[in-house]
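**Student:** Single-letter residue listing:
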Amino acid sequence: MRRASYAVLGTIAGTALLIGARMGTHPAGQNTVIVSGGETLPAGEVATDGGGGPAGGPSGSTQPGASTSGRPPSPGASGSKPATPGPTMTGGGGPTGTATSTPQPTPTSGGALKNGTFIGPGVTDKFGTVQVTITVSGGQLTNVSASYSSSSDNISHINGKNAPTVLRQEALTAQSSNITKVSGATYYSNSYKSSLGSALTTAHA
Amino acid sequence: MGTEIVLELADPLPVDELQRLADDVFAWLHEVDRRFSTYKADSEVNRLDRGELALSDCSAELTGVLDTCAGLWRATDGYFDVYATGRLDPSGFVKGWSVQVASDRLAAAGAANHYLNAGGDVCVRGHSATGEAWRVGIRHPWQTDKTCWVLDCTDLAIATSGTYERGYHVIDPRRAEPATALRSVTVTGPDLGLADAYATAALAMGLAGLDWLATLDGYACGVVTQDARCLRSDDLPVV
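Same order as they appear, the protein sequences are chains A and B.
Start counting the first sequence at 1; every next residue gets the next number (our numbering).
Start counting the second sequence at 1; every next residue gets the next number (our numbering).
For the record, the hints were derived by calculation from the structure and aren't laboratory data.
Be aware that a few hints might be false.
[As the list claims (entries may be wrong)] If you want the footprint, here are the derived chain B segments under chain A, 3+ residues with CB under 8 Å:
1) 94-101
2) 206-214
[Stated by the list, open to error] Quick list of in silico lysine to any residue cross-link-like pairs, SDA-like style, CA-CA up to 25 Å:
3) A:K181 - B:A70
4) A:K181 - B:L13
5) B:K146 - A:N115
6) B:K146 - A:T173
7) A:K181 - B:E52
8) A:K181 - B:V15
9) B:K146 - A:E170
10) A:K181 - B:G110
11) B:K40 - B:A70
12) B:K146 - B:H169
13) A:K181 - B:A129
14) A:K181 - B:W28
15) A:K181 - B:V101
16) B:K40 - B:P14
17) A:K181 - B:D11
18) A:K181 - B:Y164
19) A:K181 - B:V238
20) A:K181 - B:K40
21) A:K181 - B:Q19
22) A:K181 - B:P14
23) A:K181 - B:H127
24) A:K181 - B:K146
25) A:K181 - B:P237
26) B:K146 - B:A112
27) A:K181 - B:A228
28) B:K146 - A:V182
29) B:K40 - B:E52
30) A:K181 - B:D24
31) A:K181 - B:D104
32) A:K181 - B:D191
33) A:K181 - B:D234
34) B:K146 - B:R183
35) B:K146 - B:V101
36) A:K114 - B:V101
37) A:K181 - B:Q143
None of the values given here were measured: they were computed from a predicted structure.
The beta carbon of each residue, even a glycine, is placed where N, CA and C say it ideally should be.
Using the sequences provided together with the hints, build the complete structure.
**Tutor:** Okay, here's the thing in structure tokens:
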């Protein structure tokens with residue numbers, strides 16, 4: 001199970017802006033981040049193309065082929081808050097692992113956030129590294145995204161046997177073999193083959 | 001469309017019996033091609049697509065296939081889509097399904113040990129003539145004379161969908177554009193029709209297909225991305 005870092009964001013009205021965050025392994029590629037707790041935001045604009053959200057892809061609520069749908073982040077390490085939908089302003093707490101404490105963006109007159117793009121510190125715990133990026137324009141939060149990186153070994157051991165599976169990465173090898181039986185992408189061929197015992201004929205479709 | 005079909009019957013049956021079994025397999029595959037080929041102008045699929053046939057006039061086989069494809073559309077979050085190319089084309093399921101049916105019929109007829117490969121979609125049953133499990137290589141997606149995995153398998157379906165033979169022919173139905181991020185997707189499991197559709201759907205999903213494939217129950221996979229990353233399930237039966 002992947003962990004999202006949490007950040008609290010105050011809007012002009014002082015209402016916490018809550019957006020659901022899902023960093024799970026299913027194809028929903030929604031870039032929303034649940035905010036709760038007292039994560040602080042870095043000041044200053046940072047130009048970046050990092051910190052992007054999950055790769056765009058199939059979105060939607062259905063988890064095809066999976067036995068469980070949705071994976072709410074589990075609370076676990078101290079300092080983290082459970083992710084729940086719905087507006088809530090909670091104080092204190094913070095992301096798991098060590099977070100660099102940086103000052104909140106100074107509200108401009110009218111209480112708006114400072115415009116720009118801000119990247120949070122990379123927060124690393126034993127499960128991996130999370131980094132949140134927010135965009136503020138017109139004094140309003142207009143985008144939040146989070147990136148998460150970890151090795152698949154970490155993921156698969158977080159919750160023991162019920163953890164979602166991920167694919168293992170390995171080196172692409174090219175093997176020469178005497179294998180005559182090959183599965184591959186469909187190819188076109190008009191070759192004719194005959195063989196022992198039974199006369200095999202190629203179907204010319 | 002010329003699809004190469006290779007059949008190996010490993011049961012020590014009389015030659016004329018083996019010949020008859022092989023003839024039946026090819027007759028079935030011919031029949032499937034007549035009904036479902038999008039390259040044959042007067043196939044039942046094309047006639048339905050053109051509106052010359054109403055669905056109620058169609059054969060039980062075609063309606064059964066379309067029904068299964070509707071379920072696969074749901075199961076793949078819309079990524080297995082028989083209309084992804086803008087016209088009716090269920091071949092991403094039909095190819096695997098037709099081989100699975102042929103393999104089932106062979107087993108029912110007493111040929112419990114065989115290898116059937118139609119255009120890269122494979123069913124293996126029992127063991128090879130040497131008594132060992134079947135060894136099936138997955139084509140390397142760049143080096144045409146090499147394999148990137150070898151599977152040691154029995155009673156298994158192996159489907160591979162890839163871009164290295166016919167180019168970017170799998171369409172992402174949401175963007176209505178060819179999917180390019182995955183170069184080769186192999187899915188193994190108990191049913192070749194489903195494996196074929198899952199491989200096709202995963203290819204259409206692009207990188208998100210990696211996560212989706214990892215969630216499939218009872219099916220394993222091996223994927224090579226267009227940027228040459230190589231990923232697989234723990235339970236892909238590699239040698």
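**Student:** Run every hint past the structure and note whether it holds.
**Tutor:** Hint check results:
Restraint check on the stretch 94-101 of chain B versus chain A: 1 residues with Cβ-Cβ distances below 8 Å, three needed, restraint violated. Residue count for the stretch 206-214 of chain B with a Cβ under 8 Å from a Cβ of chain A: 9. That meets the three needed, and the coverage hint holds. For the hint linking K181 (chain A) to A70 (chain B), the alpha-carbon distance of about 32 Å lies beyond 25 Å, and the restraint is violated. Simply put, K181 (chain A) and L13 (chain B) have alpha-carbon atoms about 22 Å apart, close enough for the 25 Å limit, and the pair holds.
A threshold of 25 Å between alpha carbons decides the hint, and for K146 (chain B) with N115 (chain A) the separation of about 54 Å lies outside it, so the pair is violated. Distance hint between K146 (chain B) and T173 (chain A) is fulfilled; the C-alpha atoms sit about 9 Å from each other, no more than 25 Å. Between K181 (chain A) and E52 (chain B), the direct Cα distance comes to roughly 41 Å. Violation of the 25 Å bound is thereby established for this hinted pair. Restraint check for K181 (chain A) and V15 (chain B): satisfied, since their Cα atoms lie roughly 22 Å apart, inside the 25 Å limit.
With a C-alpha separation of about 17 Å, the suggested pairing of K146 (chain B) with E170 (chain A) holds against the 25 Å cut-off. This hinted pair checks out: K181 (chain A) and G110 (chain B) have alpha carbons roughly 22 Å apart, not beyond 25 Å. Taken as a hint, the K40 (chain B) and A70 (chain B) pair is honoured in the structure, with Cα atoms around 23 Å apart against an allowance of 25 Å. Pair hint K146 (chain B) plus H169 (chain B) holds up; C-alpha atoms about 22 Å apart against a cutoff of 25 Å.
Restraint check for K181 (chain A) and A129 (chain B): the C-alpha separation of about 14 Å stays at or below 25 Å, so the hint holds. Of the supplied pair hints, the one linking K181 (chain A) and W28 (chain B) holds, its CA atoms being roughly 21 Å apart against a limit of 25 Å. Taken as a hint, the K181 (chain A) and V101 (chain B) pair is honoured in the structure, with Cα atoms around 20 Å apart against an allowance of 25 Å. For a cut-off of 25 Å, the pair hint linking K40 (chain B) to P14 (chain B) is broken: about 36 Å separates their Cα positions.
Straight-line distance between C-alpha atoms of K181 (chain A) and D11 (chain B) comes to about 18 Å, which keeps the hinted pair within the 25 Å bound. A C-alpha spacing of about 18 Å is found between K181 (chain A) and Y164 (chain B), which places the hinted pair at or below 25 Å, so the restraint holds. Only pairs whose Cα atoms come within 25 Å are accepted, and K181 (chain A) paired with V238 (chain B) is accepted, the gap being roughly 14 Å. A C-alpha spacing of about 29 Å is found between K181 (chain A) and K40 (chain B), which places the hinted pair above 25 Å, so the restraint is violated.
Of the supplied pair hints, the one linking K181 (chain A) and Q19 (chain B) holds, its CA atoms being roughly 20 Å apart against a limit of 25 Å. Proposed proximity of K181 (chain A) and P14 (chain B) is supported: the alpha carbons are some 24 Å apart, at most 25 Å. Proposed proximity of K181 (chain A) and H127 (chain B) is supported: the alpha carbons are some 13 Å apart, at most 25 Å. This hinted pair checks out: K181 (chain A) and K146 (chain B) have alpha carbons roughly 12 Å apart, not beyond 25 Å.
Distance restraint check for K181 (chain A) and P237 (chain B): the Cα-Cα separation of roughly 15 Å lies within the 25 Å cut-off, and the hinted pair is therefore satisfied. Of the supplied pair hints, the one linking K146 (chain B) and A112 (chain B) is violated, its CA atoms being roughly 29 Å apart against a limit of 25 Å. For a cut-off of 25 Å, the pair hint linking K181 (chain A) to A228 (chain B) stands: about 23 Å separates their Cα positions. For a cut-off of 25 Å, the pair hint linking K146 (chain B) to V182 (chain A) stands: about 10 Å separates their Cα positions.
As the CA atoms of K40 (chain B) and E52 (chain B) are separated by approximately 15 Å, the hinted pair is consistent with the 25 Å bound. Between K181 (chain A) and D24 (chain B) the alpha-carbon distance is near 21 Å, which keeps this suggested pair within the 25 Å criterion. Under the criterion of a C-alpha separation no larger than 25 Å, the hint pairing K181 (chain A) with D104 (chain B) is consistent with the structure, at around 19 Å. In summary, the hint linking K181 (chain A) to D191 (chain B) is supported, as the alpha carbons are separated by about 19 Å, within the 25 Å threshold.
Of the supplied pair hints, the one linking K181 (chain A) and D234 (chain B) holds, its CA atoms being roughly 22 Å apart against a limit of 25 Å. For the proposed pair K146 (chain B) and R183 (chain B), the alpha carbon gap of about 15 Å is at most 25 Å, so the pair holds. Simply put, K146 (chain B) and V101 (chain B) have alpha-carbon atoms about 29 Å apart, too far for the 25 Å limit, and the pair is violated. Between K114 (chain A) and V101 (chain B) the CA atoms are separated by roughly 64 Å; this puts the pair beyond 25 Å, and the hint is violated.
Among the hinted pairs, K181 (chain A) with Q143 (chain B) is consistent with the structure: their alpha-carbon atoms are about 16 Å apart, no more than 25 Å.
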